[in-house]
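A.B. asks: The primary structure of each chain is shown beneath.
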Amino acid sequence: MRFNVLQFVLPESKRYANLPDSFIKRKMEQIYYKTPPHPNYLPKVHQRKKFYFELARPWTDTFRFQNQDKSDHVHVEPIKYWSFFRGDRVQILIGPDKGKQGIVKSIIQERNWITVNGLNTKLQLLKKTDKFPGIPFVFEMPLLVTEDVLLVDPFDLKPTKIEWRYTEDGEHVRVSVRTGRIIPIPPSHFSTADYKNPALYVEGDKDTTKEEVEKITFKPALKTFAMDIMDKMNIKEDRYQKPTYWY
Amino acid sequence: MATVIKAFKGLNTVNTVIKSLANLSLNKSISSSHFIPQKILSVHRCAFLHTTSKKYDLMEFFDDPKNWPKDTVKVGRSWSEDELRIKSNEDLHKLWYVLLKERNMLLTMEHACNDEYVIFPNPERYDKVEESMKNLENVVRERNEAFYFLETGESGERPSVYVNNILGLKQCYKLCQHIIPKYCNLSWKEKHRFGFNGYAVRKFLRLYREKLWNIKRKNRNRESNAAITLLKKFPDLDIEALKHKYPSIDINKVLRHNKLKGVRRKSYIV
Numbered sequence: 219m220r221f222n223v224l225q226f227v228l229p230e231s232k233r234y235a236n237l238p239d240s241f242i243k244r245k246m247e248q249i250y251y252k253t254p255p256h257p258n259y260l261p262k263v264h265q266r267k268k269f270y271f272e273l274a275r276p277w278t279d280t281f282r283f284q285n286q287d288k289s290d291h292v293h294v295e296p297i298k299y300w301s302f303f304r305g306d307r308v309q310i311l312i313g314p315d316k317g318k319q320g321i322v323k324s325i326i327q328e329r330n331w332i333t334v335n336g337l338n339t340k341l342q343l344l345k346k347t348d349k350f351p352g353i354p355f356v357f358e359m360p361l362l363v364t365e366d367v368l369l370v371d372p373f374d375l376k377p378t379k380i381e382w383r384y385t386e387d388g389e390h391v392r393v394s395v396r397t398g399r400i401i402p403i404p405p406s407h408f409s410t411a412d413y414k415n416p417a418l419y420v421e422g423d424k425d426t427t428k429e430e431v432e433k434i435t436f437k438p439a440l441k442t443f444a445m446d447i448m449d450k451m452n453i454k455e456d457r458y459q460k461p462t463y464w465y
Numbered sequence: 040m041a042t043v044i045k046a047f048k049g050l051n052t053v054n055t056v057i058k059s060l061a062n063l064s065l066n067k068s069i070s071s072s073h074f075i076p077q078k079i080l081s082v083h084r085c086a087f088l089h090t091t092s093k094k095y096d097l098m099e100f101f102d103d104p105k106n107w108p109k110d111t112v113k114v115g116r117s118w119s120e121d122e123l124r125i126k127s128n129e130d131l132h133k134l135w136y137v138l139l140k141e142r143n144m145l146l147t148m149e150h151a152c153n154d155e156y157v158i159f160p161n162p163e164r165y166d167k168v169e170e171s172m173k174n175l176e177n178v179v180r181e182r183n184e185a186f187y188f189l190e191t192g193e194s195g196e197r198p199s200v201y202v203n204n205i206l207g208l209k210q211c212y213k214l215c216q217h218i219i220p221k222y223c224n225l226s227w228k229e230k231h232r233f234g235f236n237g238y239a240v241r242k243f244l245r246l247y248r249e250k251l252w253n254i255k256r257k258n259r260n261r262e263s264n265a266a267i268t269l270l271k272k273f274p275d276l277d278i279e280a281l282k283h284k285y286p287s288i289d290i291n292k293v294l295r296h297n298k299l300k301g302v303r304r305k306s307y308i309v
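Protein chains in written order, with the working numbering: chain A, 219 to 465; chain B, 40 to 309.
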């Protein structure tokens, strides 16, 4: 299997950004040398193969800067089914905000991290000089999903462990272990940076309208693409191809 | 004497030419008043019908000027294959050129922004256009293939076969179209030699297979070592997830490993 940087970027952490995979790949990969596209070269690429993930997303310049010189190896506990989604209510089990409940803001699946809206924060003075006191900024620090947080049961608003089970309709759902109730996936899980809900998307100037996209103009005919276009443009082709040999 | 007469004649001809030229220039205004039947070329009527927008200058390579100062230019997603399948060939042909123009515009704008030291807004637009073009090509290929399968029983694609090269390795050879048949094309036969034999090639293949096996074996060892370190670091991790992550290794064998002697998992205690 050929090396692809996209294998490191996991689905939940790139869902909200709604970017094409080829763009993420183009932004993330650091190619030092690539053989020219000529038959007398083997197709070989010399590039960075180990990446270090933090809060910065792989398609940003910050990520590229973090991965410039070295990349530390971090052990991450494997999880079979990811069960923390944007908009979920969680309870924090550690730190200064222990026992508080909040809404999941962002997901970094590569490190098993989530950040909670307005909780587990760090104050940082930025642009501080001798004359200027600096501007305080609040940064939400990441929390480990395996140890630091628990999902909240919507039935009694208390933290529970969860299990993935199937309903009678064959749907894969999260179930609270304590009460046996289904914890539904919040609607903001499906929202992206471009829209809150696919149905609520507002078409821009450059977009094709929905009516235009859904119009069916295809009529089946016994023609290839080129033959059809030639017929439409009244181009007549009387020449015929002599028999050839494929080998 | 004869030469002199010839020279005079030549002079005369020059004079007549100059006169006729002068007449032409003088008679221009007169001739325009008269009706001269011109031969109209039989161009098809489609040639007079302009379907493109009425900008023909180089500014078509640039974006709309009202988008220049913007930090973000919002666009939707790319065209999916299912959406393109319901469009007629003519529509696809037009859409291809719309996409091509958009791609050219984006590349030009990116270059212009780099020149001006300005951030190019939403560079992922280029990838969206590329993806749409790729999907469109796939749909056209699908339609052509359907036609050829119906008519000839073969896909109209360029055929390819897997052959053994002289090193004994499997290689995909794309067939070429020739005017003369294979048995009389001696130059092709000299250049293309498939198949292998000999002691040296067999030895090479033996060593090559050993190398491939070693790569596989080392990869499996590396994965089982990684699994052991993960089990040491997180004693209560989900075994199913570990199996899912490293499918090539035997988990039961890893759990019985000497390195995991002191590690106490909850499942052992229960």
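Keep in mind that the hints are not guaranteed to be accurate.
What the hints assert, rightly or not - Derived pair list, reagent style DSSO-like, types lysine-lysine, alpha-carbon separation capped at 27 Å: (1) B:230 <-> A:262; (2) A:414 <-> A:437; (3) A:424 <-> A:323; (4) B:292 <-> B:255; (5) B:292 <-> A:424; (6) A:298 <-> B:298; (7) A:243 <-> B:292.
What the hints contain is simulated information worked out from the structure, not anything from laboratory work.
A.B. asks: So, for every hint listed, does it hold in this structure?
C.D. replies: Results for each hint:
no., hint, result
1, B:230 <-> A:262, "holds (26 Å)"
2, A:414 <-> A:437, "violated (36 Å)"
3, A:424 <-> A:323, "violated (30 Å)"
4, B:292 <-> B:255, "holds (18 Å)"
5, B:292 <-> A:424, "violated (58 Å)"
6, A:298 <-> B:298, "holds (25 Å)"
7, A:243 <-> B:292, "violated (37 Å)"
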